[in-house]
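Going by UniProt numbering, the first residue of the sequence shown is number 1, and it counts up by one from there.
Take these hints with a grain of salt, some might be off.
[Unchecked claim] List of simulated lysine-lysine pairs, DSS-like, C-alpha gap at most 27 Å:
{"no.": "1", "residue 1": "LYS45", "residue 2": "LYS58"}
{"no.": "2", "residue 1": "LYS41", "residue 2": "LYS62"}
{"no.": "3", "residue 1": "LYS58", "residue 2": "LYS41"}
{"no.": "4", "residue 1": "LYS76", "residue 2": "LYS147"}
{"no.": "5", "residue 1": "LYS121", "residue 2": "LYS135"}
{"no.": "6", "residue 1": "LYS77", "residue 2": "LYS62"}
{"no.": "7", "residue 1": "LYS135", "residue 2": "LYS45"}
{"no.": "8", "residue 1": "LYS182", "residue 2": "LYS193"}
{"no.": "9", "residue 1": "LYS122", "residue 2": "LYS30"}
{"no.": "10", "residue 1": "LYS182", "residue 2": "LYS195"}
{"no.": "11", "residue 1": "LYS147", "residue 2": "LYS182"}
{"no.": "12", "residue 1": "LYS193", "residue 2": "LYS147"}
{"no.": "13", "residue 1": "LYS182", "residue 2": "LYS160"}
{"no.": "14", "residue 1": "LYS154", "residue 2": "LYS182"}
{"no.": "15", "residue 1": "LYS121", "residue 2": "LYS45"}
{"no.": "16", "residue 1": "LYS193", "residue 2": "LYS122"}
{"no.": "17", "residue 1": "LYS182", "residue 2": "LYS135"}
{"no.": "18", "residue 1": "LYS62", "residue 2": "LYS76"}
{"no.": "19", "residue 1": "LYS45", "residue 2": "LYS62"}
{"no.": "20", "residue 1": "LYS135", "residue 2": "LYS76"}
{"no.": "21", "residue 1": "LYS147", "residue 2": "LYS135"}
{"no.": "22", "residue 1": "LYS193", "residue 2": "LYS121"}
{"no.": "23", "residue 1": "LYS135", "residue 2": "LYS122"}
{"no.": "24", "residue 1": "LYS41", "residue 2": "LYS30"}
{"no.": "25", "residue 1": "LYS30", "residue 2": "LYS45"}
{"no.": "26", "residue 1": "LYS62", "residue 2": "LYS49"}
In case anyone wonders, no lab produced these hints; they're calculated from the structure.
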Amino acid sequence: VRPRSLISDMTAADVVGESPVRLQRDVEQKNLEELNARLEKYILKQRAKDASREAFEKDLAKIQQQARQAIHANTKKYEEQLRLMRQQRDEHASAREELQIRVSRQEAVITRLKDQLTDEKKYQNDLNQQVSGLKSQLEEARGQNSKLQDQLRKTVHALKVAESAGRSAEEQLAEAREGADKSSHEASALRAKCKSL
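Could you build all of it, start to finish, from the sequences and the hints given here?
Given below as structure tokens:
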């Protein structure tokens, strides 16, 4: 509380009766008190500023510590993720290389099987052609056999009709029978050959 002005409390008579030295001392006392009050106020403000600065520095240190911890944690986390990614990359590269080798082997197997299939088809075509040729030969032999059998029947009939024709007729009959037997043997051989196919 600022002191009340000494001059305001004095009466006119007191002022008239006061010495200049006393007045000067009062003024100086008043000025000193005002200076003390201002100094005290300044000190309080400065202390408040110091306290605020200390609190700020503590908060700043705490934030910096938290930031360092967060950076360290994030760095470790990033390094671990990076290590895992590199490991996965290496594993994928190894798996891809192994898969490429397997694909190459499978392609080689497929190529070999295609070649075998082509050879099998060619062999089957050749075999079908052979069977077709043998069937044609068999049909031709059957036709010849039928003709020979007709000739044999005609010859037998002619021989029966002309039994009295003599030895020449018997020789013709024997020759006809021999030809028929030969044709029959050839036809049987062709049948057996076709069945073996």
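Cross-check of the supplied hints:
1. Simply put, LYS45 and LYS58 have alpha-carbon atoms about 20 Å apart, close enough for the 27 Å limit, and the pair holds.
2. Between the alpha carbons of LYS41 and LYS62 the distance comes to roughly 31 Å, so the proposed pair goes past 27 Å and is violated.
3. Proposed proximity of LYS58 and LYS41 is supported: the alpha carbons are some 25 Å apart, at most 27 Å.
4. Proximity of LYS76 to LYS147 is assessed by CA-CA distance (about 104 Å); at most 27 Å being required, the pair is judged violated.
5. This hinted pair checks out: LYS121 and LYS135 have alpha carbons roughly 21 Å apart, not beyond 27 Å.
6. Between the alpha carbons of LYS77 and LYS62 the distance comes to roughly 22 Å, so the proposed pair stays at or under 27 Å and holds.
7. As the CA atoms of LYS135 and LYS45 are separated by approximately 127 Å, the hinted pair breaks the 27 Å bound.
8. The hinted pair formed by LYS182 and LYS193 meets the criterion: a straight-line CA distance of about 16 Å does not exceed 27 Å.
9. For the proposed pair LYS122 and LYS30, the alpha carbon gap of about 132 Å is over 27 Å, so the pair is violated.
10. A distance of roughly 20 Å separates the Cα atoms of LYS182 and LYS195; the hinted pair therefore holds under the 27 Å criterion.
11. Of the pairs offered as hints, the one joining LYS147 and LYS182 holds, with about 13 Å between alpha carbons and a cut-off of 27 Å not exceeded.
12. Proximity of LYS193 to LYS147 is assessed by CA-CA distance (about 22 Å); at most 27 Å being required, the pair is judged to hold.
13. Our distance criterion of 27 Å between C-alpha atoms is met by LYS182 and LYS160, whose separation comes to about 22 Å.
14. Taken as a hint, the LYS154 and LYS182 pair is honoured in the structure, with Cα atoms around 18 Å apart against an allowance of 27 Å.
15. Restraint check for LYS121 and LYS45: not satisfied, since their Cα atoms lie roughly 108 Å apart, outside the 27 Å limit.
16. A C-alpha spacing of about 22 Å is found between LYS193 and LYS122, which places the hinted pair at or below 27 Å, so the restraint holds.
17. This hinted pair checks out: LYS182 and LYS135 have alpha carbons roughly 20 Å apart, not beyond 27 Å.
18. A hinted pair counts as satisfied when its Cα atoms are at most 27 Å apart, and LYS62 with LYS76 qualifies at roughly 21 Å.
19. For the hint linking LYS45 to LYS62, the alpha-carbon distance of about 25 Å falls within 27 Å, and the restraint holds.
20. Restraint check for LYS135 and LYS76: not satisfied, since their Cα atoms lie roughly 86 Å apart, outside the 27 Å limit.
21. For a cut-off of 27 Å, the pair hint linking LYS147 to LYS135 stands: about 18 Å separates their Cα positions.
22. At most 27 Å may separate the alpha-carbon atoms for a hinted pair to count; LYS193 and LYS121 meet this at roughly 23 Å.
23. For the given pair, LYS135 sits about 20 Å from LYS122 by alpha-carbon distance, which is consistent with the 27 Å threshold.
24. For the hint pairing LYS41 with LYS30, the CA-to-CA distance comes to about 17 Å; that is within 27 Å, so the pair holds.
25. Between the alpha carbons of LYS30 and LYS45 the distance comes to roughly 23 Å, so the proposed pair stays at or under 27 Å and holds.
26. Of the pairs offered as hints, the one joining LYS62 and LYS49 holds, with about 19 Å between alpha carbons and a cut-off of 27 Å not exceeded.
Of the numbered hints stated above, those contradicted by the structure are hints 2, 4, 7, 9, 15, 20, listed in ascending order.
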